[in-house]
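Go ahead and model the full structure; you've got the sequences and the hints to work with.
Below, each chain spelled out in residue letters.
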Amino acid sequence: MRVGIIGAGIVGLSIARWLSRYENIEVHVIDKNPDVGWGVTKANTSIIHPCHEEDPDKHPLRMRLCLEGHDLWYEWVRELDIPSRWPGEIIVAFNDEEIHVLKHYLSLAVRNKVPGVKLLDKEELLSIEPKINPSAIMGLYAPSAGSIDPIQAAIAIAENCADNNVYFHLGEKVIDVIIRDRRVVGVVTSEKVYDFDIVINAAGLYADEISRMAGINDYYIFPRRGQYILYDSTAEPKPEKIIHTTPTPKTKGVYVLKTTDDTLLIGPTAEDLSPDKKNELRTTREGINYLLRNAEKLLPRLPPRNLVIKTFAGLRPEPSTGSFIIRFHEDPWGFIDVAGIRSPGLTAAPAIGKYVVELIHKHIDLKPKNKWKRYRKGIVRIKDLGVEDRNKLITKNPSYGRIICQCRGVSEAEIIEAINRMKKIGVKEITLDGIKFRTHTMYGRCQGSFCRVLVSLIISRYVGIKPWEITFRGGNSFYGIGEVKSLFKEVIR
Amino acid sequence: MNKTYDVAVIGGGPAGLAAAIKTADKGLKTVVIEAMNRLGGIPIQCIHTGFGLHYFKEDLTGPEFVYRFIDKVMDRDIDLLLETYVEEIINESMMSKKIKIISPKGSWIIESKTIIYAAGARERHRYEIGIPGFNVAGVYTAGEAQAMMDLYGIMPGKKILIIGSGDVGLIMARRFVLEGAEVVGVVEILGYPSGLTRNIVQCLQDFGIPLLLRHTVTEIKANNGRVSSAIISEVDESLNPTPGTEKEVKCDTIIIAAGLRPRTKLLKKMGVLIDPRTRGPIVNDYLESISVPGVFIAGNALVINDYVDYAVEQGETAAESVHEYIENKGVLSAEWRKVIPGSNILFVVPHYVSGRKDVVLYSRVSRPLENTYFQIGGIGKKIPLIKIMPSTMLRIVLRKTELSKYIGDIVVEAVEK
Amino acid sequence: MKSYVEKRVICIICPRGCEIRVRLVDGKIISVEGYSCPMGKKYAEQEVCSPKRVLMTIVRCENGDLPVVSVKTSGPVPKDKLLEISRYLAGIKVKPPIRIGDVIIRNVLDLGVDIVATRPCMPVENKYSDQK
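If you're matching them up, the sequences are chains A, B and C in order.
Quick note: the first sequence uses my numbering, first residue 333, plus one each step.
Quick note: the second sequence uses my numbering, first residue 5, plus one each step.
Quick note: the third sequence uses my numbering, first residue 92, plus one each step.
Hints listed in this document are in silico derivations from the structure and should not be mistaken for laboratory results.
Any given hint might turn out to be false.
Claimed, not checked - List time: in silico DSS-like cross-link candidates among lysine-lysine, alpha-carbon distance up to 25 Å:
| no. | chain 1 | residue 1 | chain 2 | residue 2 |
| --- | --- | --- | --- | --- |
| 1 | B | Lys109 | A | Lys715 |
| 2 | A | Lys390 | A | Lys584 |
| 3 | B | Lys269 | A | Lys570 |
| 4 | A | Lys463 | B | Lys225 |
| 5 | A | Lys609 | B | Lys272 |
| 6 | A | Lys724 | B | Lys272 |
| 7 | B | Lys273 | A | Lys642 |
| 8 | B | Lys102 | B | Lys269 |
| 9 | B | Lys272 | A | Lys463 |
| 10 | B | Lys225 | A | Lys610 |
Here it is in structure tokens:
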């Protein structure tokens, strides 16, 4: 039995990981991007939510999957060596109205059986997190909240899937879903035609378009843009706890958190865009100012502007129905929607995978593999090792001692290892972003102004293409336009 | 690997090399630690002239200038550690510093009595100066574009917009034109250009490149992952964009030449105090950190210089200081006199003087001034300036004899006539 | 009829940046105004009659430790020839070893100046071969 998953984001990959446990299923993951996790997954707040903000009456499935997904992440981060931290989160109230909101979420925490959630008075609040603005009057503490590196998570799951014989078809855009006798039988991509018995639509922002290809037309996805500001690791104040303003009906509020990478993240905004604006990944002056205003409430003062290392935007796939759309269709049989996975989608992803497998299991008998590989290790980082281990590695391979990224201390060997791992999961085009997400070169204080050119030379040498033919992220995003002096040749020709 | 050096020079650019040559000549056991696989630092990629006018009284290109120092280093008994990354510097005592390094030869600790820190500067990038829009290919700092083109033979783009009218931005404008690209303009947020007149003339006017003063880029637009245009707006008095003045400029590449910042991460970590005005370390006239004895700083890691010649001069000053330091097991105690930036002064380096020796002050004014005196309070020194811009670094020598005329803090001011 | 032209030159000799006005009749200088020193006057006259510049660029280099070598003209050339020389150099490829001062092209485009290297370029060491 062949299963095709459309979308190599955190949701599609989580489904693939669950399905890779069964021996009578051959799993294929297709994505239009050259690499995994480049859609919704890449740019989000990175929180593993405790699930005290989910209303079980309005969204019972979402609540269940969030709660279960949260706990699965405890295991997945360990099994897959995903960077994570679990400091807990605090919703901060500055007035009576907001205290009211905190009490509401406390009641949800009790109903949802979320562990450890409690109200903090001002004194408790400031002693648990001294970096909060002292004008805060109360907090709601949820100690089970965590933060993971979402793109590293996608990469880790993909590598584990590849180890368990999942096939990846990256850089291929699905242009049609083939249906015969009211059954799904395959998909057509920009490259070829695939025969599948089951097709899982985990296409994020584009899930509505994929559904339409299968004749399903009862919802649409609109992008909700979230902008972010990222500060250098030296930025202060940098709270230990994840802190955020009180949620509104639309959003979970603005977060301030230390990432797994030790940087300081502020975000997101929540801007609803029209359904055709699925490429509007741009930051705006208004958006950035909104974030600064809100972060100013949470922190007594903001870090200086010169410590900003990046501003970026992500798009969340908001379903027109308001709820997760997860369903096994009878017509066409074998088509599964996993659409509208908006917040808390990252938290829920592992549980969504499990749930989808349960849906399939209702129709098909799944036989577990004898040997399923549970573990995956991340790239060894020279910077994280002690002197002895470093020297062992460097003696064996001197390029572990050749530091390419000065900001983060990343070695040439780590970059080459990233290239090899990309090839292993079927990445056809080795991109600068792909290297960035895996190694964290071009990610620090200088944003690649020193090391990007060196990274491009390593890719060039190792992959056998010219440095100017390397792209940041596919498409027309070439690093250069040609060899120097080539503009004159155009004129001569 | 186990020897103790008298001085470890961190950074093999002009300041570091000049320092190492001098310490070696004074018989000090010297090691140069360089992150790249070659010596020379940034001037290797600066193929334009303008180097060495003060030091050699010649107009050299960057590589020509710096190879004169590389050749001297090669002729001397100086240990070189290339491709060596300094992870941390630990201040053990006044006469012992430990440098944690990683290199293809291994990871170990280098011991040295003193440090000359000459690790240069980094460039301000797009996010730091706050340009919103799409994060796409085609946005590079001037230094990255320079390395791409003039070291590694990669042409970054063909229709270029440059942000920042400092010398780096102006020189890059000319470089692009001379490689067959079109430069659509240079955008400067201030009301006056930040570069030398010579560069305004020879890099922009020679090629008819427009200079847009009091403008900023307010958005980067993209097509299929690459820059497609920039929205530029006029700015008001407080440098905020004025709504309604937006213009779209087609380009495929945006070069950020928005200035440099001293690289101080390792210094801060070991407790070196930083001057918020220079963003470099606070030093005395030995160019020694006032908070961590035995750590001397030179070149752009100390203060952003206009001329490489000044960086070299600072390297040599640091080298002389190290020699004295080792002789006396430290800089001898003194009644330090504070150098205070007064009216119209952005900064002055060094921050303290001992009065024991001649001192070179490096300073910038905080706004363009005409017909002024650069005046050093108490000492009564007055230097007339016809026209002075913040972009021009002032270099003033104060003689020991002048310093001895007056006791107390030294206030540096620029006062209009 | 005599042709009468006034040209404005911003002096680059010192940071003062004087705006110097040069009047020409039939291509001959009749007056120079606005300068503050004799060097400025001389500069303005030169800029008006035959502006010259040194060209700095790169040529491509095969099998060198870097793929390009930086070069300059050995003396100033007429301003309007800069781009032409750079374009001409697009057709040139050199081989290491190259040392500072090596003449890459003698008497380029018959302008009476040479193209000389400003940066050395050595044969590439095969130092990365151990990784493949």
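A quick look at each hint next to the structure:
Restraint check: the Cα-Cα separation between B/Lys109 and A/Lys715 comes to about 15 Å, which is no more than 25 Å; the hinted pair holds. For the suggested pair A/Lys390 and A/Lys584, the alpha carbons sit about 16 Å apart, so the restraint of at most 25 Å is met. Restraint check: the Cα-Cα separation between B/Lys269 and A/Lys570 comes to about 17 Å, which is no more than 25 Å; the hinted pair holds. Note on A/Lys463 and B/Lys225: the hinted pairing is violated, with a Cα-Cα distance of about 37 Å set against a maximum of 25 Å.
For the given pair, A/Lys609 sits about 44 Å from B/Lys272 by alpha-carbon distance, which is inconsistent with the 25 Å threshold. For the suggested pair A/Lys724 and B/Lys272, the alpha carbons sit about 31 Å apart, so the restraint of at most 25 Å is broken. Using a Cα cut-off of 25 Å, the hinted pair B/Lys273 and A/Lys642 holds, with the two alpha carbons roughly 23 Å apart. For the suggested pair B/Lys102 and B/Lys269, the alpha carbons sit about 16 Å apart, so the restraint of at most 25 Å is met.
A threshold of 25 Å between alpha carbons decides the hint, and for B/Lys272 with A/Lys463 the separation of about 21 Å falls inside it, so the pair holds. Proximity of B/Lys225 to A/Lys610 is assessed by CA-CA distance (about 15 Å); at most 25 Å being required, the pair is judged to hold.
Violated hints, listed in ascending order, are 4, 5, 6; each of the other numbered hints is respected by the structure.
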